[in-house]
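Sequences listed follow chains Z and S, in order.
The letter at position 147 of the first sequence is residue 147 when you use full-length UniProt numbering, and the numbering goes up by one with no holes.
The letter at position 43 of the second sequence is residue 43 when you use full-length UniProt numbering, and the numbering goes up by one with no holes.
Among the clues, some could well be false.
Unchecked claim - Here are the simulated lysine-lysine pairs, DSS-like style, with alpha carbons at most 27 angstroms apart: (1) Z:Lys34 / S:Lys57; (2) S:Lys57 / Z:Lys183; (3) Z:Lys183 / S:Lys170; (4) Z:Lys3 / S:Lys170; (5) S:Lys169 / Z:Lys167; (6) Z:Lys183 / Z:Lys167.
No lab work stands behind these hints: they were computed from the structure.
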Amino acid sequence: MDKFTTLTGIAAPMPLVNIDTDMIIPKQFLKTIKRSGLGVNLFDELRYDREGNEIPDFVLNQPAWRDAQILVAGDNFGCGSSREHAPWALLDFGIRCVISTSFADIFFNNCFKNGILPITLPQEAVDALMEDARKGANARMTVDLENQTVSSSDGQEFHFDIDPFRKHCLLNGLDDIGLTMEKAPAIDRFETQMAQARPWI
Amino acid sequence: MTNTTAGAPRTLYDKIWDAHVVERQEDGTCLLYIDRHLVHEVTSPQAFEGLRMTGRKVRAPERTIAVPDHNVPTTWDREKGIDNEESRIQVEALDRNAREFGVNYYPVNDIRQGIVHIVGPEQGWTLPGMTVVCGDSHTATHGAFGALAHGIGTSEVEHVLATQTLIQKKSKNMKVEVTGRLAPGVTAKDVVLAIIGETGTAGGTGHVIEYCGEAIRNLSMEGRMTICNMAIEGGARAGLIAPDETTFAYVNGRPHAPKGAQWEAAVSWWRTLYSDPDAHWDKVVTLRGEDIAPTVTWGTSPEDALPITATVPAPEDFTGGKVEAARRSLEYMGLAAGTKLTDIAIDAVFIGSCTNGRIEDLRAAAEVLRGRRLAEGVRGMVVPGSGLVRAQAEEEGLDTIFKEAGFEWRLAGCSMCLGMNPDQLAPGERCAATSNRNFEGRQGYKGRTHLMSPAMAAAAGVAGHLVDIREFAAVTA
Numbered sequence: 001m002d003k004f005t006t007l008t009g010i011a012a013p014m015p016l017v018n019i020d021t022d023m024i025i026p027k028q029f030l031k032t033i034k035r036s037g038l039g040v041n042l043f044d045e046l047r048y049d050r051e052g053n054e055i056p057d058f059v060l061n062q063p064a065w066r067d068a069q070i071l072v073a074g075d076n077f078g079c080g081s082s083r084e085h086a087p088w089a090l091l092d093f094g095i096r097c098v099i100s101t102s103f104a105d106i107f108f109n110n111c112f113k114n115g116i117l118p119i120t121l122p123q124e125a126v127d128a129l130m131e132d133a134r135k136g137a138n139a140r141m142t143v144d145l146e147n148q149t150v151s152s153s154d155g156q157e158f159h160f161d162i163d164p165f166r167k168h169c170l171l172n173g174l175d176d177i178g179l180t181m182e183k184a185p186a187i188d189r190f191e192t193q194m195a196q197a198r199p200w201i
Numbered sequence: 001m002t003n004t005t006a007g008a009p010r011t012l013y014d015k016i017w018d019a020h021v022v023e024r025q026e027d028g029t030c031l032l033y034i035d036r037h038l039v040h041e042v043t044s045p046q047a048f049e050g051l052r053m054t055g056r057k058v059r060a061p062e063r064t065i066a067v068p069d070h071n072v073p074t075t076w077d078r079e080k081g082i083d084n085e086e087s088r089i090q091v092e093a094l095d096r097n098a099r100e101f102g103v104n105y106y107p108v109n110d111i112r113q114g115i116v117h118i119v120g121p122e123q124g125w126t127l128p129g130m131t132v133v134c135g136d137s138h139t140a141t142h143g144a145f146g147a148l149a150h151g152i153g154t155s156e157v158e159h160v161l162a163t164q165t166l167i168q169k170k171s172k173n174m175k176v177e178v179t180g181r182l183a184p185g186v187t188a189k190d191v192v193l194a195i196i197g198e199t200g201t202a203g204g205t206g207h208v209i210e211y212c213g214e215a216i217r218n219l220s221m222e223g224r225m226t227i228c229n230m231a232i233e234g235g236a237r238a239g240l241i242a243p244d245e246t247t248f249a250y251v252n253g254r255p256h257a258p259k260g261a262q263w264e265a266a267v268s269w270w271r272t273l274y275s276d277p278d279a280h281w282d283k284v285v286t287l288r289g290e291d292i293a294p295t296v297t298w299g300t301s302p303e304d305a306l307p308i309t310a311t312v313p314a315p316e317d318f319t320g321g322k323v324e325a326a327r328r329s330l331e332y333m334g335l336a337a338g339t340k341l342t343d344i345a346i347d348a349v350f351i352g353s354c355t356n357g358r359i360e361d362l363r364a365a366a367e368v369l370r371g372r373r374l375a376e377g378v379r380g381m382v383v384p385g386s387g388l389v390r391a392q393a394e395e396e397g398l399d400t401i402f403k404e405a406g407f408e409w410r411l412a413g414c415s416m417c418l419g420m421n422p423d424q425l426a427p428g429e430r431c432a433a434t435s436n437r438n439f440e441g442r443q444g445y446k447g448r449t450h451l452m453s454p455a456m457a458a459a460a461g462v463a464g465h466l467v468d469i470r471e472f473a474a475v476t477a
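Next up, chain Z with everything else stripped away, as it sits in the complex (with noise of 0.2 angstroms):
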């Protein structure tokens, strides 16, 4: 997995509310056994036609928006199916960052798995934020997680909260299966009292 320190990039705003996972990365695109290529399907079915052209409105389409890194979202970003491919669309597209007010919780879990840092941030400032990025290539948000700030194109700074643990992973780009499988003694310690208090298991 890929650090995440700092992010200067374009945010593209996404104002709608709910968005959810099959909107991110629709069905006919789960039948992959890999991990990689689905940023050209990110948001489909918003951003293609059934032709397979694009549909010049939709934001990512548009040429200020174009090589977002950072989307601004409305509330309760990535609700519904558990699909890992939705974060792994959004990084194969060049997205690193998710701000909004509210995100679903498996997708939220999903982002710090594979370098997506998801950022969430009272209605204030997400409406300050979603204004900034409506001003298109020309203005850079800035994302520092070591200090988690956020800064729009204008100056303006908001704090973020952050869970420590996870922090330090994306800082690090750590792996935590090879961090638990260190803890392999504790698990057999586990395994062997649940042997005994709860045999059915």
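Based on the hints, put chain S in the right spot on chain Z.
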């Protein structure tokens, strides 16, 4: 297994959590032991590949259960194989991974194959007090047994395969109480849609919900699974119902349920799994069972749920970001504000899914359809949740009722709930569905989904439009 808060009143969620903590970090992050790991073909190939690349094994293959469900054809000729190459490769990958890593496995041609969330309980893999995970958001279903069950992403699937644990932060406790008795014609599906209509699709975010109250207590295990299945549609990490005699009666005798002395030991522990009277709740929602009407969705989010007696709302009825979302939903659904829900004509009926694909659901739909036929121009599909549900339904003659009513009778799988196999809606086609999501494109590109109970979906098929099951029964009796 240490109980760090012994003595203090705890919720059911607290108790199950405490019983599974392997290690707790200073910031509260825990390593949680996982008792059962369910696996299907869509969210697992990259996880098994990860194990292979790092030379890791499945730590507890005996606690891991694999079954293909999302991609499998539900047509009767499916033994000839899967036409779509990518779907076939994915199912073949599961087959290879299950055998190579030695996990429990129900292949496509096994009578026990079905939707993973129907197979788990049916085979007795799901038991009270367990932690159950699967790379699928509807894992919440298993909470009906008083198990802590939730969906995970593929990276976490790999983590559980390799370590039989998950790194977790504890969620908050939310209580959803449904008091009193449900009116005739009102089912578990109506209850859960009414709850989501009340709390919103993000109302449970950051919480584990325990459903309780007389109306919940009176539900069968099938009904309880319908309720917990859609906990995720309310944004919750998991949904739970405390185990009781109904639970024990369902579990007893299932192939992987404990037997003899172990059964007695298990039941005596399971009887301690309830929320203590003074336990702390971060959020409480109460609904009166008597107030819940047969409920359907009008829009493209499960929170767009209304009593069948209502009319389609206008965007101005909402505030904030929901105004634009409602406008978009109405356009997508091809509906005008002010239309009576009972005037919405449908083209298709889908009965099945992990929400409503169990035997009781098929019985309820068949009861409505007995001696009746689908309206002219309406197509219908019944997809049992597992091969065993299908066999049971056939033994009871339900398949004949469905076929005589003009429905297709299919083999088990996820089918048109998400349309990863050929079972899809055509653009613009409108469906009365017993599944769980009415998202844009969920059942097929530009397909339009109205969620409802099996009886309501069957009745809509006969009438050709959405109907109030209470009036339908009276009018056509």
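Structure-based check of each hint:
Restraint check for Z:Lys34 and S:Lys57: satisfied, since their Cα atoms lie roughly 20 angstroms apart, inside the 27 angstroms limit. For the hint pairing S:Lys57 with Z:Lys183, the CA-to-CA distance comes to about 16 angstroms; that is within 27 angstroms, so the pair holds. Distance restraint check for Z:Lys183 and S:Lys170: the Cα-Cα separation of roughly 20 angstroms lies within the 27 angstroms cut-off, and the hinted pair is therefore satisfied. Distance restraint check for Z:Lys3 and S:Lys170: the Cα-Cα separation of roughly 26 angstroms lies within the 27 angstroms cut-off, and the hinted pair is therefore satisfied.
Restraint check for S:Lys169 and Z:Lys167: satisfied, since their Cα atoms lie roughly 14 angstroms apart, inside the 27 angstroms limit. In summary, the hint linking Z:Lys183 to Z:Lys167 is supported, as the alpha carbons are separated by about 20 angstroms, within the 27 angstroms threshold.
Comparing the model with each numbered hint stated earlier shows that all of them hold.
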